[in-house]
Amino acid sequence: MDEKQFLADLKAQKRDAYAKLLEKYGKMVFNTCLSFVPNAQDAEDTAQEVFVEVYNSISKFKGNSKLSTWMYRIAVNKSLEFIRKRNAKKRFGFMQSLMDSAIPMDKSSYFTEFNHPGVQLERKEQQETLFYAINQLPEGQKVVFTLHKIDGLSYKEVSEITKKSISSVESLLFRAKKNLKQILTAYYKKEGW
Amino acid sequence: MNDKEYISHFVDELLDSAESIQTVDTPPFFKDKVLGKLVQEKDHNGALSYPSWLTPKFQWAALLIFVFLNLGVLYYHTNYYQQQELQSFAETYGFSSFQGDSILN
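Protein chains in written order, with this note's numbering: chain X, 451 to 643; chain H, -4 to 100.
Treat each hint with caution, since some may be false.
Simulated crosslink set (DSBU-like; lysine-lysine; CA at most 30 Å straight-line) [what the hints assert, rightly or not]:
id: 1; chain 1: H; residue 1: 37; chain 2: X; residue 2: 474
id: 2; chain 1: X; residue 1: 477; chain 2: X; residue 2: 627
id: 3; chain 1: X; residue 1: 512; chain 2: H; residue 2: -1
id: 4; chain 1: X; residue 1: 640; chain 2: H; residue 2: -1
id: 5; chain 1: X; residue 1: 454; chain 2: H; residue 2: 37
id: 6; chain 1: X; residue 1: 613; chain 2: X; residue 2: 461
id: 7; chain 1: H; residue 1: 28; chain 2: X; residue 2: 470
id: 8; chain 1: X; residue 1: 535; chain 2: H; residue 2: -1
id: 9; chain 1: H; residue 1: 32; chain 2: X; residue 2: 454
id: 10; chain 1: H; residue 1: 26; chain 2: H; residue 2: 37
id: 11; chain 1: X; residue 1: 628; chain 2: X; residue 2: 614
id: 12; chain 1: X; residue 1: 540; chain 2: X; residue 2: 628
id: 13; chain 1: X; residue 1: 516; chain 2: H; residue 2: -1
Stretch-level coverage of chain X by chain H, calculated; a stretch enters the list once three of its residues show a Cβ under 8 Å from a Cβ in chain H [to be verified]:
id: 14; segment: 469 to 483
id: 15; segment: 500 to 508
id: 16; segment: 598 to 605
id: 17; segment: 612 to 619
Calculated from the structure, these hints are not laboratory results. Just so it is clear, CB atoms sit at the ideal spot from N, CA and C, and this is done for glycine as well.
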C-alpha cells in the first residue's frame, strides 16, 4: 500500500489503517511518552491519547512533514501536557500540605512512581535522579535532551520535530547538559556526598 | 580524587547513562485498547456531528439575523401598543377626535 493511499485511509478513519498505524508507530510513540513520563502506566495512557489525537486531527495533516515526525510532535506535546497537569496537581497538593503542616514535597514524591521498564534494576535509583533533574529543565531544553539522549534521535530529526534549526538544537542541548550538571551536583552535595 | 572531582565524574557518567535506557515493547493489549478507544471516539464524534455547511461564520450570521429580527419585531410591537394604548386612553377620557365626529354624540 503506498503512502498516499494509507493517508487517505487514515483520513477516512478506516479501522484497518489505524491497526496498521499502531503496528508501525505504537512502539515509537509509547517509548517517546515513556522518555518524558517515566511511569509505564502513565506513558501508556499518554500514548493512547496520542493515537486519539491523531485520529481526530489527521484531516489537518497536510503532509508537509513525515507522518512519523508529525506523530513525534503530538507525542511530545501530549507528554508535556501530562507533566504540566501533574506538576499543577503536585503544587496544589504541596500548598494543601503546607496548610495542613504536613511534610513538604521531595524527590521521592515528585513522580507518580518511577517505573521505567527500559531501565536496568541496578541503575534504577540513579536514573530516577536523572529524570528528576531533567524535569527541572526549561521545556525547550527538556525536549531536546530527551529526544536526543534518551530517545536516541539525531540532531536533524530533533530539529524537524521541534521546528528549530540544528544550531538551535545544539545550543539547547549544550545548555541542558550544563544545567543538568549543576542540578545533579547540587543534589548530590545536598545528599552528603 | 577529591569529593568535587568525584561528584563531577559521577554526574558525567550519569548523563552518559541516559543513552543506555533501552526501548521497550508496548504493553499487552495496547493495540486493542487504542482501537477500542478510537471506536468510542467515532461514536462520540458521530453523536455530536452537525452538517458541514454549518460553519462558525454561518452560525454567527444566523445569530445576528435572529437578534436583528427580534429587535425589529420588539420595536414594531412596542410602537403599535403604545399607539393603541394612547387611543384607548383618549377614547376613555373623550379626547379622541374620532369620538367627536360620531353621530351618536
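Structure-inconsistent hints, enumerated in ascending order: Numbers 3, 8, 13, 17 - these are the hints that the structure violates, sorted from lowest upward.
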